[in-house]
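*Asks:* Single-letter residue listing:
Number of protein chains: 2
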Amino acid sequence: MVEQGENLLQAAISAGVRVYASCGGAGTCGTCKVKIESGEVATTRTEKLSDEEYQQGIRQACQSRVMTNLSVYVLVESRLEKVVLASEQKRVSQVLASGWRFKPPLSKYFLELSPPTAEDNLSDLSRLLRGMRRRYNLSHLSVDFYVLKKLARALRKGKWKVTVTTLVTASKPRAGEERRPRVINIEPGDSREKHYSLAFDIGTTTICGQLLELNRGKIVAEHIAYNGQISYGNDVIARINFSQKPGGLKKLQKATVATMNDVIEELLATSRVDAKHIGHLMVAGNTTMTQILLGLETKYIRLAPYTPLANFFPPVEAASLGIKLDKHVHLYTFPAVASYVGGDIVSGVIGAGIHQRKTLTFFMDIGTNGEIVIGNSDWMVTASCSAGPAFEGGGVKHGIVASEGAIEDFDIDHASLEPKIDTIGGKKPKGICGSGLINIIAGLLEARVIGQNGKFHRTLPTKRIRKGSDGYEYVLSWAKETQIGRDIVVTEVDIDNLMRAKAAMFAGFQTLSKSVGIECRDFEQVIIAGAFGNNINIEKAITIGLLPDLPVDRFIFVGNGSLLGARLTSFSTDLLDDARRVAQMMTNIELSESADFMNNYIAALFLPHTNAREFPTVSKRLAKISK
Amino acid sequence: MVEQGENLLQAAISAGVRVYASCGGAGTCGTCKVKIESGEVATTRTEKLSDEEYQQGIRQACQSRVMTNLSVYVLVESRLEKVVLASEQKRVSQVLASGWRFKPPLSKYFLELSPPTAEDNLSDLSRLLRGMRRRYNLSHLSVDFYVLKKLARALRKGKWKVTVTTLVTASKPRAGEERRPRVINIEPGDSREKHYSLAFDIGTTTICGQLLELNRGKIVAEHIAYNGQISYGNDVIARINFSQKPGGLKKLQKATVATMNDVIEELLATSRVDAKHIGHLMVAGNTTMTQILLGLETKYIRLAPYTPLANFFPPVEAASLGIKLDKHVHLYTFPAVASYVGGDIVSGVIGAGIHQRKTLTFFMDIGTNGEIVIGNSDWMVTASCSAGPAFEGGGVKHGIVASEGAIEDFDIDHASLEPKIDTIGGKKPKGICGSGLINIIAGLLEARVIGQNGKFHRTLPTKRIRKGSDGYEYVLSWAKETQIGRDIVVTEVDIDNLMRAKAAMFAGFQTLSKSVGIECRDFEQVIIAGAFGNNINIEKAITIGLLPDLPVDRFIFVGNGSLLGARLTSFSTDLLDDARRVAQMMTNIELSESADFMNNYIAALFLPHTNAREFPTVSKRLAKISK
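In order, the protein sequence lines correspond to chains L and B.
Going by the numbering used here, the first sequence opens with residue 13, and the numbers climb by one from there.
Going by the numbering used here, the second sequence opens with residue 13, and the numbers climb by one from there.
For the record, the hints were derived by calculation from the structure and aren't laboratory data.
Hints should not be assumed to be uniformly reliable.
Straight-line distance between alpha carbons at most 25 angstroms, and here's what the computed SDA-like set of lysine to any residue pairs gives [said to hold, decoys possible]: (1) 171(B) / 157(B); (2) 173(L) / 317(B); (3) 230(B) / 207(B); (4) 409(L) / 336(L); (5) 169(L) / 207(B); (6) 262(L) / 317(B); (7) 311(B) / 130(L); (8) 336(L) / 624(B); (9) 161(L) / 338(B); (10) 162(B) / 253(L).
Facing chain L, according to a computed beta carbon distance under 10 angstroms, are these residues of chain B, among others [as the list claims (entries may be wrong)]: (11) 128; (12) 227; (13) 312; (14) 316.
Every residue gets a Cβ at the ideal spot worked out from N, C-alpha and C, and that includes glycine.
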């Protein structure tokens, strides 16, 4: 039931309708448009609604209050679709970390104990610990209180044959550190074959989980879903702002946990594994997502000087956060480096094995918040570049998230200037996704439809270039060919937004390289992580100046590096040690405070770059075309 | 509201009426007698009600169901009074442990941190830990998750001046053991002056708590109350039986926690200390009380071969048990030795300092379950003797717990055989407490009113000796002189019950001494612990053969040894280490399995003992009297 006066976006979220709301309901992004088919809403109109839209009954859901019974149509481009997420599952991440021992932090041990007698009436716990010492040479175990609750019953139900689960948080502890394995569970009988854990990547946009089998080190199932927080804002800043509202943090936390529970349910259903056989939960996420998941204050992440609450979090009982797993399951979160370089990046670095090799590597995770790492096994520097939402379709007139009908590839006839477009799923176009926009801009540049400044050559003989409400634009698809019944265009404003985004990433890379005195050509390897990164065309991304001008064979995609690292550490305690070490060895450089970065950024607001020497092969090619 | 058909004892408990019910409502003890003044109950009559009582409307509450509205009078002797408990507070325990360092496990540290800047934007937690390292040279601290919840706010509210509370569980950790102090709390500003903890003895009958000030090592307040479990049974066996009923364990646990909360409330009210400044809770109790408090299965304590669930329990969050303290407060329970030698005895041994001296010591805690320890700093053996409830007034016709009006001292004119009695508080007599019974029997023995077999000389010229419903008895007080309006007598059955109790204690002592090859006269020190022990007259207890026949100056009372140990370990982490060591070094001897014990027990069913050489001075004195 919806109350009169309730916010329409909130009402939709409560009803489980997936509406995109990139600004989190502030009214500034215009992505949550709906059409009121019948009934009345009270709306505050913003500049995001054209006169034409307003006349058609289109409203921003976040700016509307429900006044009567309603029939509402969610515009195609405002919907959160499932399709691409599903296809993404099929991509297998390329495992780059190597040479690690298969030795999961979670272990199961089977014990056959002698029953107590008058001569041997040790306490139940002492008997258990004696068994672990004698049979497995394991002394000095610590024991969770929860185990004591189950102990007497499990021993007798199993007729003194039991399976003990232990957990370690470090392989080689440092001075003063807890080195004792913790006994976290006891089960009657021999349950060693039922030995599972979960690895999760908690992304700002999506949450991806894997069910892992720990005896053989296999992925049993994988599932991905939109992070339930998405309707509260598109990026971490919007989420942090929302968390400051009364009850906001709690709502965000609940939304994340609800999504995690959905993913877990799906993983268990498809694999027919019983929840009680899951013994551990390894989570990688950025600093904001990690703190929200744990229910911790996020305010100071976004206030200068940008301090996270902590870099290391103690493991917590998963059930205490609302996660539907047995009480013995601990949730371990990857350590973070800084407010905007989180556990997801540490996890990605571990997954990519950068810490294991002397190879000079440039690691990048491209997204709204792009993170970059430069280094090798000896040292690493890192930075976060606030690229804005353009890569995910935000701030782009017809930008949408990658889903069916999104334009993902583009070619242009250099003579007729007519486009050839490909959409995800081969459906009629409904908008442009981030990787599509890169390809469009590269194509327009190479066809000299736009100049290196990103502006249209206005005298070209095609009616596809015209002046629209947002200035000059190029029509990619005429209204009748689309799903949305309107012309799909790319505007100068869109191009400008993407140029700002790519400039931020490249300037970050340059600033970081210079800070350690390394030239672009010295990089032996470029690792691209992230779902978005996985979809981009390397050559075209080099053409527009997003990626450095290096031979294509130096680029490697790892897909979801954060999830990869979470999985590998679930299999190897050594890598868990490495994660701590890497988080501590990474030096974070705060770009927002760097004059050098600002200079580099301004120089990068050109296609591919103001300084042609930074992109020698692209410059040569463009020069050849223009002759 | 009471339902029709509800058990009257349960209804009384629910209504907060304190009724004594030594057998836990089984109907076998007859201590819960009430008089139905109006209304109807449905009662199952047992042999515990005389015809006269039945006619007067007296019923056993536990055997009665409520049928109509009732007016019920709780018989004077069935009431749980508060008086003696209050006076007991005034006795100061004699501290015997010595040479310990004042270094509480709980510490407070004040930090003045520098606020974060762009050049120094460490995470809040790293800043805190750096402060602890720089200012106090404390590295490798572990941090409770709860602290992270408060951290951001506390730092900013205190303007980067905060007080950090740490807890250690061991001073000198053993191999592989957690040695890192845990950071358990953070408060804005300087709160070092507000630094308190609690020490508790959880007894089967009473719960005693002390509020401790940790900067100066002082007792701020002390309070004692009946353990809320008392109405569920008088001894641990009755409680274990009750815990096996559906919901029984939960009820017992709640009852204990409710009493603890009452005691805490009283301690805070009298001392005007705020609950939030309490940082720790140290608890000593017998094995059953400890396991019930923690909500753990107790069943196997009472089933051969008598295995406790564990000897060591990890600290638990006090609030998770229902204790009304802040979430950062951990509850530490003393380690136990065996099912019937619990943390209270380990605590008593630590409090008495037995582990610190070469002095050959006999330590005894006299009660329903009497525990004895023999040893010194090098070795210790221990045993538990099931003495029965006679020392606490159970199984004694007019036996009551020590409270106002209880006969506590007795003398008899050897010529007229007229008694001279003293009662607690000088009130009219209403019954006999345990220590009173010892004095009565000693007096009757020395006056040759009873023989060494505990039977009355039936030909003596006094109407005070007569045959009653339970056989021969001696009238201590005529009906008109009493509170209860009936003659108060001591019967042969009562004497027999006390003889069994003292025989069990003494036989335990003999069996233990013999097992290590030590003669009675070799003991340099006898330490008597426990509230009951504190009240007994040493010479008279030797006369009846409860205590060994040693010079009176070798006996020392320590009062509540369990509470004493809990307090001292709250002041000294070294003693906490000692407690673990002592629990492990004590060898438990299971007397119920020992043929030697049975022989000693039968020999001890005589006043003072079948073997006169065991009690040379008493035998000499009795021989002199009889001449």
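*Asks:* Evaluate each hint against the coordinates.
*Replies:* These are the hints, each one checked on the structure:
no., hint, in the structure
1, 171(B) / 157(B), "22 angstroms, holds"
2, 173(L) / 317(B), "19 angstroms, holds"
3, 230(B) / 207(B), "11 angstroms, holds"
4, 409(L) / 336(L), "40 angstroms, violated"
5, 169(L) / 207(B), "46 angstroms, violated"
6, 262(L) / 317(B), "50 angstroms, violated"
7, 311(B) / 130(L), "16 angstroms, holds"
8, 336(L) / 624(B), "70 angstroms, violated"
9, 161(L) / 338(B), "23 angstroms, holds"
10, 162(B) / 253(L), "19 angstroms, holds"
11, 128, "5 angstroms, holds"
12, 227, "26 angstroms, violated"
13, 312, "6 angstroms, holds"
14, 316, "7 angstroms, holds"
Checked against the numbered hints given earlier, the structure breaks hints 4, 5, 6, 8, 12 and satisfies all the rest.
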